[in-house]
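So the sequences go chain by chain: A and B. Remember, the numbering used here sits 27 above the position in the first sequence when you count from 1. Remember, the numbering used here sits 27 above the position in the second sequence when you count from 1.
The set of hints was computed from the structure by calculation and includes no laboratory data. Errors might be hidden in some of the hints.
What the hints assert, rightly or not - Pulled from the structure, derived: some chain B residues nowhere near chain A, Cβ distances all over 10 Å:
id	residue
1	Glu54
2	Thr60
3	Arg97
4	Ala142
5	Glu162
6	Pro179
7	Ser190
8	Ile193
9	Arg220
10	Ile221
11	Pro226
Unchecked claim - Computed Cβ-Cβ distance ranges for the label pairs, DEER-style:
id	chain 1	residue 1	chain 2	residue 2	range
12	A	Glu114	B	Ala39	56 to 66 Å
13	B	Gly203	A	Ser82	45 to 55 Å
14	B	Ser145	A	Asp177	46 to 56 Å
15	B	Pro179	A	Thr132	37 to 47 Å
16	B	Thr61	A	Glu114	46 to 56 Å
17	A	Glu84	B	Asp201	21 to 31 Å
18	B	Asp202	A	Gly70	19 to 29 Å
Said to hold, decoys possible - According to the in silico footprint, chain B covers these stretches of chain A (three or more CB under 8 Å from chain B):
id	segment
19	44-57
20	189-201
21	215-224
Please read all numbers here as calculations on a predicted model, not as lab measurements. Just so you know, even glycine gets a beta-carbon here, dropped at the ideal spot from N, CA and C.
Read off the chains here:
Number of protein chains: 2
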Amino acid sequence: MTDPAEPSRADATRARLLEAAVAAFSERGFHGTTTRDIAAAAGMSPAALYVHHRSKEELLHLISRAGHERTLGMVREGIASSDDPAEQLRHVVHDFAAHHARDHTSARIVNYELAALSPDHLREITALRQQIDHEMRDLVERGVAAGRFDTPDPRMAAVALLSLGIDIARWFRDDGGWTPEDVASRYVEMALRIVGLRP
Amino acid sequence: MTDPAEPSRADATRARLLEAAVAAFSERGFHGTTTRDIAAAAGMSPAALYVHHRSKEELLHLISRAGHERTLGMVREGIASSDDPAEQLRHVVHDFAAHHARDHTSARIVNYELAALSPDHLREITALRQQIDHEMRDLVERGVAAGRFDTPDPRMAAVALLSLGIDIARWFRDDGGWTPEDVASRYVEMALRIVGLRP
Chain A
28 MTDPAEPSRA DATRARLLEA AVAAFSERGF HGTTTRDIAA AAGMSPAALY VHHRSKEELL
88 HLISRAGHER TLGMVREGIA SSDDPAEQLR HVVHDFAAHH ARDHTSARIV NYELAALSPD
148 HLREITALRQ QIDHEMRDLV ERGVAAGRFD TPDPRMAAVA LLSLGIDIAR WFRDDGGWTP
208 EDVASRYVEM ALRIVGLRP
Chain B
28 MTDPAEPSRA DATRARLLEA AVAAFSERGF HGTTTRDIAA AAGMSPAALY VHHRSKEELL
88 HLISRAGHER TLGMVREGIA SSDDPAEQLR HVVHDFAAHH ARDHTSARIV NYELAALSPD
148 HLREITALRQ QIDHEMRDLV ERGVAAGRFD TPDPRMAAVA LLSLGIDIAR WFRDDGGWTP
208 EDVASRYVEM ALRIVGLRP
């Protein structure tokens with residue numbers, strides 16, 4: 028008898044392929060990677076890869092969609108965590124920064140390989156990014172409206188807050204002397220300064 | 028007679044190749060670009076390209092070195108512009124942000140294709156980046172020592188300030204509704220908040 032809760036062998040193979048694709052894209056970029064590279068890293072033949080995925084673009088799309096959905100969920104969870112915009116911002120910036128430090132390898136692909144997506148996939152991912160942007164902008168605007176934040180340009184502040192978090196994936200190094208938690212807690216302090224938190 | 032001040036035809040050709048390389052790298056990434064693409068964009072044969080440059084890596088190195096030297100010069104000029112660390116920071120952040128918005132195409136290559144450099148070239152470029160990092164860190168530390176800035180972690184603040192500027196090259200769009208000057212002036216305000224400028 029097989030346990031229905033146990034992932035099927037096909038699921039495990041797909042997961043192994045996604046992991047191999049993340050490693051290959053992060054090392055050589057999407058355009059520098061061949062499906063052969065990915066198949067080899069996953070320990071299978073190129074023909075076996077095509078049983079599971081039609082193209083390397085499909086792999087990129089799966090990685091990108093999972094990354095963006097996870098980030099959007101994280102942002103919404105942070106916002107739902109409190110009624111106070113300052114607490115919401117603390118929560119969102121902490122988790123966003125920690126994620127981009129901890130998962131910098133996949134976050135780099137998610138953020139820097141958008142141009143390699145097919146037009147349809149890019150539209151889908153752009154819509155997810157816009158939802159993340161809107162959540163952050165609404166959060167800053169709510170804070171200003173509630174008298175908790177004081178910033179002359181909530182829209183630009185929201186762009187800068189997300190930008191700071193995303194760029195962690197570019198500069199963070201596992202052996203750089205800072206843990207993801209170090210970065211996250213300092214970034215919370217800086218975020219509250221950027222929006223002009225009132226005591 | 029030829030005018031010695033006039034750039035030679037070889038110089039003009041090299042400049043055209045660099046411009047074509049920036050366009051090609053920014054469109055398809057370094058690994059996705061062939062020397063044939065670059066030669067075609069510059070209106071010459073691949074063989075003619077090799078007369079001027081040994082490889083596409085050499086082109087990337089020239090683009091990267093020019094970009095980093097220009098940025099380091101800009102940072103040092105901003106620091107030399109005043110005795111007051113707050114004025115220095117205003118100047119540096121303004122010019123750094125405006126540059127990454129205005130020249131976002133080349134700034135993206137300069138910042139996101141480092142892994143494609145040869146080991147020797149990467150060492151050279153890394154040394155330039157470290158000088159930029161040190162200038163920014165020293166500036167924030169001088170401001171704290173002078174009682175002008177108030178930040179619990181000058182090193183992390185300096186990383187965040189450069190990170191904010193660099194990431195502009197990723198998100199800025201010429202048709203996005205903001206001019207490079209809009210971004211630069213808002214980023215100066217946010218930078219002064221990050222370092223905790225004292226009135």
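Cross-check of the supplied hints:
no.	hint	verdict
1	Glu54	8 Å, violated
2	Thr60	8 Å, violated
3	Arg97	20 Å, holds
4	Ala142	8 Å, violated
5	Glu162	16 Å, holds
6	Pro179	7 Å, violated
7	Ser190	4 Å, violated
8	Ile193	6 Å, violated
9	Arg220	4 Å, violated
10	Ile221	5 Å, violated
11	Pro226	14 Å, holds
12	A:Glu114 - B:Ala39: 56 to 66 Å	60 Å, holds
13	B:Gly203 - A:Ser82: 45 to 55 Å	31 Å, violated
14	B:Ser145 - A:Asp177: 46 to 56 Å	49 Å, holds
15	B:Pro179 - A:Thr132: 37 to 47 Å	29 Å, violated
16	B:Thr61 - A:Glu114: 46 to 56 Å	52 Å, holds
17	A:Glu84 - B:Asp201: 21 to 31 Å	27 Å, holds
18	B:Asp202 - A:Gly70: 19 to 29 Å	46 Å, violated
19	44-57	holds (count 4)
20	189-201	holds (count 7)
21	215-224	holds (count 5)
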